[in-house]
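**Q** Take a look at the letters that make up each chain.
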Amino acid sequence: MIQVRLWGSLLSLTDGQETVEVEARTLGGVLRELVRIHPALKPQIDRGVSFAVDGTIIRDDWLHPVAPDQEVFLIPYMTGG
Amino acid sequence: MAFERYQKTDFKVVGTRPRRPDGIDKVTGKALYGADATAPGMLVGRILRSPHAHARILRLDTSRAERLSGVKAIVTHADFADPGDDFTRDIRDNLLARDKVLYDGHGVVAVAALDAETAAAALKLIEVEYAPLPHVTDVDKAMRPGAPVVQEGRSNETVPAGLSQNVTGFWEFGHGDAEAGFAKADRIVERSFRTEATHQGYIEPHACLASMGSDGRAELWCCTQGQFMVRTVCAAILGIEASHLRVTASEIGGGFGGKTTVFIEPIALALSRKSGKPVKMVMKRAEVFRATGPTCSSSIDVKIGMTRDGRITAGTANLRYQGGAFPCETASFGAQAAFAAYDMPAVRTRAWNVLTNRPKEAAYRAPGAPMAVYAVESVVDELAKTLDLDPLEVRLTNAARKGTKSSYGPTFPDIGLVATLEAAKAHPHYTAPLGPNQARGLSCGFWFNFGGNTCVSLNVNSDGTIGVTEGNPDIGGSRASISMMAAEELGVPLDKVRTVITDTNSLGYNDVTDGSRVTFAVGLATIEAARAAKKKMCRRVSRLWEIDEEAVTWKDGCVVPAGPNAGDHPPMSLAEIAAIADNTGGPIAGHHETNADGAGVSFGVHICDVEVDSETGAVKVVRYTVFQDAGKAVHPDYVEGQMQGGAAQGIGWALNEEYVYGEDGRLQNPGFLDYRVPVASDLPPIETVILEIANPGHPYGVRGVGETPIVPPLAALSNAVSQAVGVRMTHLPMSPPRVLAAFPSGSAARTAR
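Note that the protein sequences, when read in sequence, are chains A and B.
1 is the number of the first residue of the first sequence in my numbering; add one for each residue after it.
1 is the number of the first residue of the second sequence in my numbering; add one for each residue after it.
Looking at chain A on its own, in the form it has when it is part of the complex (with noise of 0.2 Å):
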């Protein structure tokens, strides 16, 4: 299972959850998954979110392989100047 940590803000759509366990082998799993167990997520991945895992800024790649033993955070759509 990865555990997912949220930003403090979503606790509010997820019951006051701050890590979320889900069954996935990729970001995109991930982010499946996180909406299905809390669809009140799904207008902000919609919107756009990245990922740090294992403190490295991942944007846009559902396909990046993730394990249980890495920590993974989901963190607003990174963007820059």
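A couple of the hints might just be wrong.
Listed below are the simulated DMTMM-like cross-link pairs for lysine to aspartate or glutamate, each with C-alpha atoms no more than 20 Å apart in a straight line [said to hold, decoys possible]:
1) B:Lys274 - B:Glu241
2) B:Lys402 - A:Glu71
3) A:Lys42 - B:Glu546
4) B:Lys402 - A:Asp54
5) A:Lys42 - B:Asp86
6) B:Lys405 - A:Glu18
7) B:Lys405 - A:Asp54
8) B:Lys535 - B:Glu546
9) B:Lys496 - B:Asp556
Simulated from the structure, these hints should not be mistaken for lab results.
Once you've looked at the hints, dock chain B against the given chain A.
**A** Then chain B, alone, in the frame of chain A:
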């Protein structure tokens, strides 16, 4: 996808300082910018803009303008398609207003005419009847229930109840028990700060030339940070397929994030579609200020607790950002970046985005981070001073490092903040004596960096030269860096490599030039493309020598036998292999496409000395030094240029630059005379210290450098000026009137340190 970890250290080309490849074109005027394109039969496009901060459009009558001789097309919002998503819909609605104008300068209707005079005359013949509405331009006022509502129904699902509809987004980050942390503190400082909106200040205004034929196929030339983004957005707004629009990026005269969206391109295309003629549009400077993206202004509360030996026990920040009349998420980056430099047992940041009757915000170098870090670094500085601690030592005591749980959640891998602080501490600047009325300030800064979608082709020409084709406009020297990495990888002299930036029909999608991503991600893809080409060349030579492919290897620009059993073959150079390409399988090329990760976060530390005139309030920057972990500096001149440029822009933000709005909600200073950016005579030589801590996520250890340098200057300047004035400065910019007003009554500037 994951790439080879960092491995190379014995560089021959990377790390040198060759002459810039675009220099001659730029200084001789040969380089073609957005406004330099022309086409036979070209029309001139102009936009009529709102004189109101907020008004309903009751009636729009273009009939008199249409009858004016020389007017060939007029477009309004009705000429656009529905892109189908809020993000692009907002870009569309920012081009030309829908049913109401949302800010002073909001486009209403556009005209294409035979010449500029006719277009200007046509704009005067357009009748627009407005019903002015109450407006709001201040972020705190816009948050209050009862404030004029800029757009209804735009709040996202996380916004708490009870706030104005202007609040469109809310974000919260952090960990630990802040109250418990504050209870352990020997000293707590809580302050509120304000920063004003600043413009990216690029010298080249937005410009484009659009041509759409009767077959629906279009060509677009424009100055942009991302031609592929322009294609995607324009195709959606015009309702055409992406393959019907080819976008070519011009040379670019500055962007800094402000050219990561569109302001005129879909309008020019719509005018061209309607008129059947090419249409050129060039924004006037006042239009650039009134209608293109400044950064957010902000109102921020920070509270930090510290023990008497300088350990931070807890910190909180509430950040309220306004990004104009359309939703944006810049505040979320401020909330994530605010405390990123520190290892904290308890931290909590909350951020709100608020709509106001101002132009739609656009990205600006490390968007959202400078103002948040300014507020936090100001309070850290104040705590250090009140506890009689060295401000740099306090930062070292609390510095984030490998294994630190960051303030925005993830655990940091290897990062360079401590090394950067140590370099600052050891630098002569930090202990240099100060003169009368002078003071010193410092600040840390942070930015995320990322990689993103990238596609590169590399061709080995028959004469042994190399052509690299990439898709990201060069805003900071990337062509040089890309060529250098290709030369390094292939073992050929740099002057054998030429890198060009191509149009949207010639490569797969490339994300815009932002996020400090290009030297990292395009460089990475270039290295991989070169490796693909090398592999092909090795295979061909092995077949020429009639030995196994595994029996050859690449060394110093040549294919050589891999060992004694491979036979006695003289090295075959890239040029020799290229010369016989026709006879060994045809053209030789390498290609790579990726969504790159592994960019690695970036930290910097800035030290500045200022001299404050207590009679006028003028602040002069007398010395400035930038320290930054750049990873491997591919072309150190450009890295230093990024560090100096970020510092210069940050100095402008800290001291002079601001959007000034009148009571009528109209922008008072839409020009460089009244909106003052620093000029060369305002600045001292900006010293730079590059720390080359290899990024493990890149084969050469490269790390993005372009954005972090604008983060620390705001607080570094404010900490210095606060010391000189003897009062904590809490409002940027610290323009002379604000500094003068801050001096305690009857006091003079004090000598600091």
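**Q** None of the hints should be skipped; say for each whether it holds.
**A** Structure-based check of each hint:
Taking the CA atoms of lysine 274 (chain B) and glutamate 241 (chain B), the gap is about 17 Å. The hint holds against a cut of 20 Å. As the CA atoms of lysine 402 (chain B) and glutamate 71 (chain A) are separated by approximately 14 Å, the hinted pair is consistent with the 20 Å bound. Between lysine 42 (chain A) and glutamate 546 (chain B) the alpha-carbon distance is near 58 Å, which puts this suggested pair outside the 20 Å criterion. Pair hint lysine 402 (chain B) plus aspartate 54 (chain A) holds up; C-alpha atoms about 11 Å apart against a cutoff of 20 Å.
Straight-line distance between C-alpha atoms of lysine 42 (chain A) and aspartate 86 (chain B) comes to about 15 Å, which keeps the hinted pair within the 20 Å bound. With a CA separation close to 16 Å, the supplied pair lysine 405 (chain B) and glutamate 18 (chain A) stays within the 20 Å bound. With a C-alpha separation of about 11 Å, the suggested pair lysine 405 (chain B) and aspartate 54 (chain A) falls inside the 20 Å cut-off, and the hint holds. The suggested pairing of lysine 535 (chain B) with glutamate 546 (chain B) holds, with an alpha-carbon distance near 16 Å, which does not exceed 20 Å.
A C-alpha spacing of about 15 Å is found between lysine 496 (chain B) and aspartate 556 (chain B), which places the hinted pair at or below 20 Å, so the restraint holds.
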